[in-house]
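Asks: Letter by letter, the chains look like this.
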Amino acid sequence: MQVTLNQLSKHFGPVKAVDALSLEIAEGEFMALLGPSGCGKTTTLLTVAGFYKPTSGEVRFDGRVVNELPPRKRNIGMVFQSYALYPHMDAFANIEFPLKLQKVPKAQRVQRIRELAELLQISELLDRKPGQLSGGQQQRVALARALAKRPGLLLLDEPLSNLDAKLRISMRAELKSLQKELGITTVFVTHDQVEAMTMADRIAVLNQGKLQQVGGTNELYYSPQNLFVAGFIGTPPMNMFEALLEVREEGAWLKSEFLEVRLPGRISPPQAGPVVVGIRPEDLTVTQGEGVPAEVYVAEPMGRDTLLTLRVGKAVFKAFAPPDFLPEPGTEVNLGFRWEKLHLFDRETGRRLQYGN
Amino acid sequence: MKERWDRVLCYALLAIIAAPFLTMYVGFFLRAFGERMYLGILPKEFGFSNFRFLWEPIAWGLEQTTVWAALGNTLAFAITSGLVVTCICMLAGYALSRIEFRGKNFFLVLQLFLHAVPGQVLLIAVFFLLFYVKLLHKVPGVALARASLEIPLGIWMAKGFFDGIPWDVERSAMVDGCTRFQVWYRIFLPLVKPGIAAVFIWGFLFAWHDFIYAYTLLPGRVKLLSTLIQSLVATEVIDYGYLAALSLLYMLPPLLLFVFLQRALLRVPVFGGKGV
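For the protein sequence lines, the chains are Z and U, in the order given.
For the first sequence, the residue numbers in the working numbering are 43 to 399.
For the second sequence, the residue numbers in the working numbering are 95 to 370.
Next comes chain Z alone, as it looks inside the complex (with noise of 0.2 Å):
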C-alpha cells in the first residue's frame, strides 16, 4: 500500500501535535518516523491508524482519502509498545481474532496461524496466555496477530522500547529481514535514532508537530538540512560553535573566538554574516602538532576509541583519539578539523547552507 499525508494537520486545543505534515511513502517501502518524545511521531502514527481525525489535511492509502475511514476498514495491522495483547485469550486465539471478525473459515484461520506461527518461530507458544509470555514472545504474537489478516500497511509503535538490549540488537534485525521478506509497507515510529537508522529505508525526522527532514540514514547523517537534524542525529552528537562567515577576494573565511581560516570549499551561493559550525567527533583529530589548542576535560575510553571532551575557550568539543591515547585532564592538546567536512548552518533560520567544492 502507498501511503500519503498532505499537509496532516492534528491539534489537541492550542496544541499543535502535527503540523503541516507531507509525507509520500512508498509500496513496500520501511519508513520511520523519528524525534524526541512529544514531537508528534505517535500522533502522526495514530492518525495515520484512523484513531485521530486529522484537524486538517488527508492521509490517502493508494490515493484513496481515507480520513473518515475507522480503523477496522482501513486494512492496517498495527504492534504497539505495550504489544496490548488480548490477556484472556491464549496466544492462538489473539492471532486468530481478526481472522474471526472478517469470518474466516476454521480451516483457513488454522493454516493462516500455523504459517505465522512458522515465520516467527511461535509454533510452541500458541497455548500460552500472553501471561506467561516473556516480552519477546508477546512481541511476536503481536506480531502474528498484526499480520494475521494480510494488511496493506503495517504500523510498528515503539516495538522494541520494551525488550532488554541484547533482544533489541537480534529483533532489529529480524525485522527488518522479515518486512523485506514479506514487502509490507511499515510505518515505524521510535525515538531511537540507531533503530531507526538501521532498519529503516528512509526516516522521517519530526519535532514539534513538523517534518524537518525525510530521507536514508547517510544523507540525513552527511547532509542535515538543519540545526536540529543536525544535533538530532548521530552519537556523540555533532558539535557546534557559533561563527561569522566572511567572503573576502579569495573565497570564504570563518571567525570564531578561537580561529579565523580561509574555508576550502565553496559556499553557494555566496553568503555572509553570522552561522552555527557543525562538525562531527570523527572529523576532528587530535594532533601534536598544528591546530587549535584544546584542553583535555575527560577522556572516556570506549575500547574501539576514546572519547575525549575537550574545552576551546568557552565552547566544548567532542572528538575521537586512538584508544592507546589516555590524557590526564587538563593536558593540553591540539584539535585538527577536517575543514572539508564541515556543516555550516544560517544562525538565524537554522538552515544549512550548500557547501563544499
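Hint data in this document are derived by calculation from the structure and do not stem from the laboratory.
Heads up, the beta-carbon is just placed ideally off N, CA and C, and yes, glycines get one too.
Take these hints with a grain of salt, some might be off.
[To be verified] Heads up, simulated DSS-like pairs for lysine-lysine below, C-alpha to C-alpha not over 25 Å straight-line:
no., chain 1, residue 1, chain 2, residue 2
1, Z, K252, Z, K95
2, Z, K208, Z, K222
3, Z, K383, Z, K297
4, Z, K142, Z, K171
5, Z, K95, U, K198
6, Z, K142, U, K198
7, Z, K171, U, K287
8, Z, K208, Z, K115
9, Z, K222, Z, K252
[Unchecked claim] Interface residues of chain U toward chain Z, partial, derived using beta-carbon atoms under 7 Å:
no., residue
10, G141
11, D262
12, R265
13, D270
[As the list claims (entries may be wrong)] Quick list of the computed label-pair ranges, beta carbon to beta carbon:
no., chain 1, residue 1, chain 2, residue 2, range
14, Z, N109, U, L202, 48 to 54 Å
15, U, R101, Z, G177, 40 to 46 Å
16, U, L202, Z, E261, 47 to 53 Å
17, Z, F54, U, L360, 25 to 31 Å
18, Z, T391, U, I193, 42 to 48 Å
19, Z, P78, U, V102, 30 to 36 Å
20, U, R101, Z, P343, 54 to 60 Å
21, U, L346, Z, T97, 38 to 44 Å
Add chain U to chain Z, keeping to what the hints say.
Replies: The following block gives chain U in isolation, referenced to the frame of chain Z:
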C-alpha cells in the same frame, strides 16, 4: 517487646470495637437455634423448631403465605435489580471511560450528586411514575425503580474497571476489525469480569436489603422477605426465636454471594483507582 505490646493494644482496641456486633450476632444465633429460653437470652436446649416456617405456612393477617413464595419474590426482585444495574452500568461505564462527548464531566458529577439523594425522597414521584406506566405493585417495575437508585454509583464503579484497561488493547481490537460495540462485548467484558460481579452484587444487595420501596410500592399480595419480617414484628405477640430464624434465612444469600465473590469485590476500584 515494644512491637508485641503494640500488637496487643491493637487487638484489644479491635476487640472493643467488635464486641457489640459480635454480641448481637451471638445472641442472634442463640435465639435462632435455642428452643426454650432462660432469662430471655440463654437457651435451655437447641433445636430447629424456630425454623418451622420452612415447612409450615406463615400466618399473615387473615391469610397465609409460605416462606418460599416470599423468598422467590425477593430473589426475583433482587436479581432483576442486579441485572438492570449491571447492564446499564457496564454500558455507561464504558462510554464514560472511553468515549469523549460533550457534557461528560457534568454527567459524571451529576451521578455523584444523584447518589447523594436518598431514595425515600423519590418515593412519591416513583409511585406515580410506576402507576402511569402500569408497573405499580409489580416486581419488575419496582425492581427497576430500586435499580435506578444504585445506578449512579454503579456507573462510577464500572468506569473504574474500564479505566484500568490500557488504551492500546482497545486500539488493537479496533485495528483487528472490531466495532466499538464489539470491543466492549468481545474484549472488555471478559476483562472486567470482577467488575461485572461487583456491580451485579451492588444492585442485587441493595434490592435484597430494601424495605421502604417494597413496603410502599409492593403492598397487597406480593410479599418480600423484608416486608414479611416486618409484618411479623407488627403482630401483638412477637416470637423472637421465629423471627431470628427467619432473619438468618434472609441473611444467607448475601452472605453466600460475598463468600463466593469476595475476590472480585476486593478489586472494586474506589473512585479513579484501577481495577483488573
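Asks: Could you run down the list of hints and mark each one as holding or not?
Replies: Verification of the hints:
1. Z:K252 <-> Z:K95: 18 Å, holds
2. Z:K208 <-> Z:K222: 22 Å, holds
3. Z:K383 <-> Z:K297: Answer holds: K383 of chain Z to K297 of chain Z is near 17 Å, not above 25 Å.
4. Z:K142 <-> Z:K171: Within the cut-off at roughly 18 Å; holds.
5. Z:K95 <-> U:K198: It holds: about 20 Å lies between the C-alpha atoms, which stays within 25 Å.
6. Z:K142 <-> U:K198: Violated. K142 of chain Z to K198 of chain U sits at ~34 Å, over the 25 Å cutoff.
7. Z:K171 <-> U:K287: 17 Å, holds
8. Z:K208 <-> Z:K115: 37 Å, violated
9. Z:K222 <-> Z:K252: 29 Å, violated
10. G141: Hint violated; G141 of chain U Cβ to chain Z Cβ min 50 Å, cut 7 Å.
11. D262: 4 Å, holds
12. R265: R265 of chain U check passes; min Cβ-Cβ to chain Z is 6 Å, inside 7 Å.
13. D270: With Cβ-Cβ at 4 Å, under 7 Å, it holds.
14. Z:N109 <-> U:L202: 48 to 54 Å: 31 Å, violated
15. U:R101 <-> Z:G177: 40 to 46 Å: 42 Å, holds
16. U:L202 <-> Z:E261: 47 to 53 Å: 51 Å, holds
17. Z:F54 <-> U:L360: 25 to 31 Å: Taking Cβ atoms as reference, F54 of chain Z and L360 of chain U lie about 37 Å apart, which means the hint is violated.
18. Z:T391 <-> U:I193: 42 to 48 Å: 44 Å, holds
19. Z:P78 <-> U:V102: 30 to 36 Å: 58 Å, violated
20. U:R101 <-> Z:P343: 54 to 60 Å: 57 Å, holds
21. U:L346 <-> Z:T97: 38 to 44 Å: 59 Å, violated
Violated hints, in rising order: 6, 8, 9, 10, 14, 17, 19, 21; the structure is consistent with all others.
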